[in-house]
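Construct the complete structure from the given sequences, taking the supplied hints into account.
Protein chains in written order, with our numbering: chain L, 1 to 303; chain H, 1 to 257.
Zero decoy hints are in this set.
Some chain L residues close to chain H (C-beta under 8 Å, calculated; not the full set):
hint : residue
1    : Y15
2    : V54
3    : P56
4    : A78
5    : V82
6    : S84
7    : N88
8    : D90
Okay, the calculated bits of chain H under chain L, using three or more residues with CB under 8 Å as the criterion:
hint : stretch
9    : 14 to 21
10   : 91 to 98
No lab work stands behind these hints: they were computed from the structure.
Just so it is clear, CB atoms sit at the ideal spot from N, CA and C, and this is done for glycine as well.
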Amino acid sequence: MAAPAILAEGLLKRYDDLVAVDRCSFVVEEGEVFGFLGPNGAGKTSIMRMIACVSPTTGGRLEVFGMSVDDRPREIKALIGVVSQENNLDPDLTVYENLTVFARFFEIDRAEAARRAGELIGFFGLDEKRDTVIESLSGGMKRRLTIARALINRPRLVILDEPTTGLDPQARALIWERLRSLRSAGSTILLSTHYLEEAERFCDRLVIMDGGRILVEGSPAEIVAARMGRAVIETVDDPAVIDCLEREGVVFERFGDLVHITTDAPDALVQRLVAACNPSRLSVRNATLEDVFLRLTGRGLRE
Amino acid sequence: MTPGSVSWRFRHVWGRNLHIFLRTWKVSFLPPIFDSLFFLIALGYGLGQFVQEIGGVDYARFVAPAIVAIGIMNGAYYETTYGSFVRMYYQKTFDALVATPVTIEEVIVGEILWGATKSVIYTVLILPILILLGLVSLPSSLLLLPLALVGGLLFGAIGLCFTAWTPSIDTLNYPSFLIITPMMVLSGTFFPLESLPLPVQYVAYGLLPLAHIVSIARGLTLPALAPFMLASAAWLLVATGLVMLLAIRLMKRRLVV
Numbered sequence: 001m002a003a004p005a006i007l008a009e010g011l012l013k014r015y016d017d018l019v020a021v022d023r024c025s026f027v028v029e030e031g032e033v034f035g036f037l038g039p040n041g042a043g044k045t046s047i048m049r050m051i052a053c054v055s056p057t058t059g060g061r062l063e064v065f066g067m068s069v070d071d072r073p074r075e076i077k078a079l080i081g082v083v084s085q086e087n088n089l090d091p092d093l094t095v096y097e098n099l100t101v102f103a104r105f106f107e108i109d110r111a112e113a114a115r116r117a118g119e120l121i122g123f124f125g126l127d128e129k130r131d132t133v134i135e136s137l138s139g140g141m142k143r144r145l146t147i148a149r150a151l152i153n154r155p156r157l158v159i160l161d162e163p164t165t166g167l168d169p170q171a172r173a174l175i176w177e178r179l180r181s182l183r184s185a186g187s188t189i190l191l192s193t194h195y196l197e198e199a200e201r202f203c204d205r206l207v208i209m210d211g212g213r214i215l216v217e218g219s220p221a222e223i224v225a226a227r228m229g230r231a232v233i234e235t236v237d238d239p240a241v242i243d244c245l246e247r248e249g250v251v252f253e254r255f256g257d258l259v260h261i262t263t264d265a266p267d268a269l270v271q272r273l274v275a276a277c278n279p280s281r282l283s284v285r286n287a288t289l290e291d292v293f294l295r296l297t298g299r300g301l302r303e
Numbered sequence: 001m002t003p004g005s006v007s008w009r010f011r012h013v014w015g016r017n018l019h020i021f022l023r024t025w026k027v028s029f030l031p032p033i034f035d036s037l038f039f040l041i042a043l044g045y046g047l048g049q050f051v052q053e054i055g056g057v058d059y060a061r062f063v064a065p066a067i068v069a070i071g072i073m074n075g076a077y078y079e080t081t082y083g084s085f086v087r088m089y090y091q092k093t094f095d096a097l098v099a100t101p102v103t104i105e106e107v108i109v110g111e112i113l114w115g116a117t118k119s120v121i122y123t124v125l126i127l128p129i130l131i132l133l134g135l136v137s138l139p140s141s142l143l144l145l146p147l148a149l150v151g152g153l154l155f156g157a158i159g160l161c162f163t164a165w166t167p168s169i170d171t172l173n174y175p176s177f178l179i180i181t182p183m184m185v186l187s188g189t190f191f192p193l194e195s196l197p198l199p200v201q202y203v204a205y206g207l208l209p210l211a212h213i214v215s216i217a218r219g220l221t222l223p224a225l226a227p228f229m230l231a232s233a234a235w236l237l238v239a240t241g242l243v244m245l246l247a248i249r250l251m252k253r254r255l256v257v
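The following block contains the structure:
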């Protein structure tokens, strides 16, 4: 059997006295879209940097396409494309040059580089900006170019650290659409994002991390079903309703001025609550990944 | 340094810098040449009217090789300090490069070689002017070009050590003011080192790379070939090797986390 795209066992990353990744184990199969979710400082970027062979591991085992990141970083790097969180395009170069100059680092010859650059510029809708120096591009265009550049070596694995952060909805939609066609073409995609709804729709499997640990792993639907049940009933947080819920023995969570009740049988419970508590407002919606995320990682702010 | 960490791929790092330089050469090319010409006019011809001769040599001919040596120093040093710092810190270029099959060691070697290239380009431009002015002798002065390469590698590596150390672009001013500028005047550039007390001469030849570059350059342009030039060349080669290794070590400590 072929080696998985990524195999991590007891993966550890320590910076001086901070443990950023605390013995994480996971497997990503080839062709999968795999997501890392978690609040800032959860360890997502550290894991992705170790997979990209730019940050050494402190301990544990980490293999990409069956090769150890410690022993064969150059071969691994030839097979992957990396889109980092920060823009690191060449500001003095045009869109086209950003692609062709980058191709040299992969030993791609000039004619082939020119061909691929042309294709990628078309694929990411940058034709009109081909010969524009990138300083004058919008944020969305720069991000598209960064992704295009990461594909110049036709990578088997693409790693994207928050590819849509800071972009407007149109730019985000375009990027997801392009990533979707990349997935159809069979690439393995690894990404981190703060947009939970996008992760839920796009990822085959994902992990939610916090404090360097993996809290939960699975397909978005499995995770939501296992952790939340089918539905969330939302009602108002007023003393009469709280008293009533406690009397009825219903388990609830208070979020600001809202009360959340998770359930697998929303219809029956709604009828019971309306009859017993008569709240001023009550609604039912499907449970989402965001509910799981907030329940697992809490509502405290992370700076 | 781990085995296999430096391959010929460093040429791509160098080539990237060259590519950008060729797009912007009009702004980055001319200032150092003007700098040198002003020095030459002010010192060689202005001050030279009062000094006239040093050790039987016309002052303009005495100071011309020193001005080339200073240009060699500045060309590489300012490229791998301010230039490399901008690439590393503001443009995140090094981060982008190490995500490709290029290693961090190759990025560093490519940067140092690019700094040395700036020194060579400078020398290629200033040399014909000095030849036309009759201030340097041929053909020995053509050896200034390999000198520029070695001197450029050394000052490129020195600059990159400071880049690895500096917390911000402003603190890069300290090594410029405290080390580079004093070295510029204390390396036998504008007056012979022999006029200073003997201990100072020992310190200069022991520690100041520019002193060796000046002594070789002057030996080539006058020409006044002498055995001490071989000693200076050996000093430069050994120092270049050591400081390059130091630069790689310091940069890895900063960048590999």
